[in-house]
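Asker: Listed below, chain by chain, are the residues.
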Amino acid sequence: MPLMYSPADLEAMTKVKRVWNPTGLLNPGKVLPTSKSCVEVGAAGKRDIGYKPHRIEQEGLAQRF
Amino acid sequence: MIDLAKTLEEIVGAEHLRADGEAGRYAVDGVAPGAVVFPGSVEEVSGVLAACHAAKAAVVPWGGGTSMGLGAVPPKVDVVLGLSRLNHVIDHEPGDMTSTVQAGMVLTDYQAYLGRHRQFLALDPPGADRATIGGILAANASGPRRLRYGTARDLLIGERVVHADGTVTKGGAKVVKNVTGYDMNKLYVGSLGTLGVIVEATFRLYPLPPAERTCLAPFPTAAKAREAIAKILDSPLVPSAVELLNEAAAAAVGRRAGLEPGKGAAVLAVAVASVPEAVAAQLETVQTLGRGAGGGPFQVLDGEAHDRFWGAVRDFAPGDGTTMVCKATVLIARVADAVWQGESIAAKQGLRVAVISEAGTGVVRYYFQAEGTDAAARLAAAVAPLRAFAAEAAGHLVVLQAPPQVKAAADVWGSVGDGFPLMRALKEQFDPERILNPGRFVGGL
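Heads up: the sequence lines are chains A and B, in that order. Counted the way our numbering counts, the first sequence spans residues 1 to 65. Counted the way our numbering counts, the second sequence spans residues 1001 to 1445.
Possibly wrong hints are sitting among the right ones.
Calculated pairs, EDC-like style, for lysine to aspartate or glutamate (alpha carbon to alpha carbon, straight line, at most 16 Å) [to be verified]:
1) K1327(B) x E1428(B)
2) K15(A) x D1374(B)
3) K17(A) x D1315(B)
4) K1170(B) x D1183(B)
5) K1231(B) x E1284(B)
6) K1170(B) x D9(A)
7) K1348(B) x D1307(B)
8) K1076(B) x D1029(B)
9) K15(A) x D1029(B)
10) K1327(B) x E1304(B)
11) K1056(B) x D1374(B)
12) K1327(B) x D1315(B)
13) K17(A) x D1183(B)
14) K15(A) x D1315(B)
15) K1076(B) x E1043(B)
16) K15(A) x E1428(B)
17) K1174(B) x D1096(B)
18) K1076(B) x E1433(B)
19) K1174(B) x E1093(B)
20) K1170(B) x E59(A)
21) K1186(B) x D9(A)
22) K1348(B) x E1371(B)
23) K1327(B) x D1337(B)
Read the hints as simulated data drawn from the structure, not as lab findings. Fair warning: this is a prediction, and the values are worked out from it, not measured in the lab.
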């Protein structure tokens, strides 16, 4: 999802989700990404703790999933 | 407010900011804004909203102004955000039959552009020569052709929106099927600018039909016309519009369009769009069915007379500020009752009423007028009984426009039912400072 949508786009969807599902009870992590459910978000989290993208990633030759 | 005006001027440039006297032309129900700004880009819209958000200023988005009568009288209007400079076609893929357009483009200009490729956006709301794409979406405006093509939510496949704090988001994409995440596009349609300002829209398009003609006939009663309508809808015919006009509406439309619709308590108009042979064959069948229900004589409108007739139907509401326009939805089987109810309630209150119904979809528009000192009170008094009828006929009634004195005395939206707490929560999420069109939408949102 973060590859398709910007953080602002996802935030708008999250706002809708909060209205109908404020406690996160319904299908948690199935549609909107959390670091547990979404590898891309998970990867972003790892970047924060020191993940270094490979050279071919930086050059846009490969994408990490 | 003075500081805000200065900030806004820095964002859009002095020539795109109106203040004082000139801003009065952008009054909403008589409430004049302190400033009117016309940003020239999405970035400028974002800047304007961020500045207004910081100043907690009430912002009213404004396209062509054709739906400004919709909603409750606003408690305050600080800034009118005019979108008319965002008036370009961004993209058109004739082979894909999709197109992206800026929100401030006027519908007829957009149709002229698409028409060169023999395509069109299948929306025909009132005031198409002034109404903008963004305004049509925000008001979810529609017209007679919704019977065949549906409404904005059926045609919109992508959108860019600027939120109250200036954040820009997108939803959907330029493909007809796109279902990743929530379908955010539909959320903003009909939200009257209370959740965000639409700045771009992507639509799926339709090919322009090679021919369109309309047959028109008077009926002795609305109930007889309703019989004909039931037969037409329950046939293999594919009309693009089926409209039922009461006598007063038919006379006024005839006058404006320069034609004689025929004498009768109700007039039925059925438009068919297709290849010429199919149009001729289908209109033949419509006339046979209509005569069987006691209607006639029929006349067939073509070319300019056809366009003038539908123009007069779509743009029926005079912009004189004295007419109260109500839009009801009822079961299609109750359309004839809806015409009769409107006339009977009008008679009780001493009002004149023209009724135009999209009889194939159950949408009924009432145009009430009144004279005399207590005109506003009598207009307002018609709303509750007519709404009670609509509710009994499984529908709703909304006041589309009315003089501010009428709005002060009548509930323009009516009850929205158990969905309201969700709507209020959405507003809290999307616009917690309540700067976007505050007080105009349902329940004072």
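Asker: Please go over all the hints and tell whether each is borne out by the structure.
Answerer: How the hints compare with the structure:
1. K1327(B) x E1428(B): 28 Å, violated
2. K15(A) x D1374(B): Not OK: K15(A) and D1374(B) at ~46 Å, beyond 16 Å, violated.
3. K17(A) x D1315(B): The given pair, whose Cα atoms are some 39 Å apart, is violated under the 16 Å limit.
4. K1170(B) x D1183(B): 11 Å, holds
5. K1231(B) x E1284(B): Cα-Cα ~14 Å, so holds.
6. K1170(B) x D9(A): 6 Å, holds
7. K1348(B) x D1307(B): 35 Å, violated
8. K1076(B) x D1029(B): Between K1076(B) and D1029(B) the Cα gap is close to 11 Å, so the pair holds against 16 Å.
9. K15(A) x D1029(B): Distance ~32 Å between K15(A) and D1029(B) Cα, so the pair is violated.
10. K1327(B) x E1304(B): The hint is violated at about 28 Å.
11. K1056(B) x D1374(B): Outside the cut-off at roughly 38 Å; violated.
12. K1327(B) x D1315(B): Within the cut-off at roughly 14 Å; holds.
13. K17(A) x D1183(B): 12 Å, holds
14. K15(A) x D1315(B): 38 Å, violated
15. K1076(B) x E1043(B): Cα-Cα ~26 Å, so violated.
16. K15(A) x E1428(B): 9 Å, holds
17. K1174(B) x D1096(B): 9 Å, holds
18. K1076(B) x E1433(B): Roughly 14 Å separates the two Cα atoms, so the pair holds.
19. K1174(B) x E1093(B): Holds: K1174(B) and E1093(B) sit about 9 Å apart, inside 16 Å.
20. K1170(B) x E59(A): 27 Å, violated
21. K1186(B) x D9(A): Holds, at about 14 Å.
22. K1348(B) x E1371(B): Cα-Cα ~14 Å, so holds.
23. K1327(B) x D1337(B): 15 Å, holds
Consistency note: the structure conflicts with the earlier hints numbered 1, 2, 3, 7, 9, 10, 11, 14, 15, 20.
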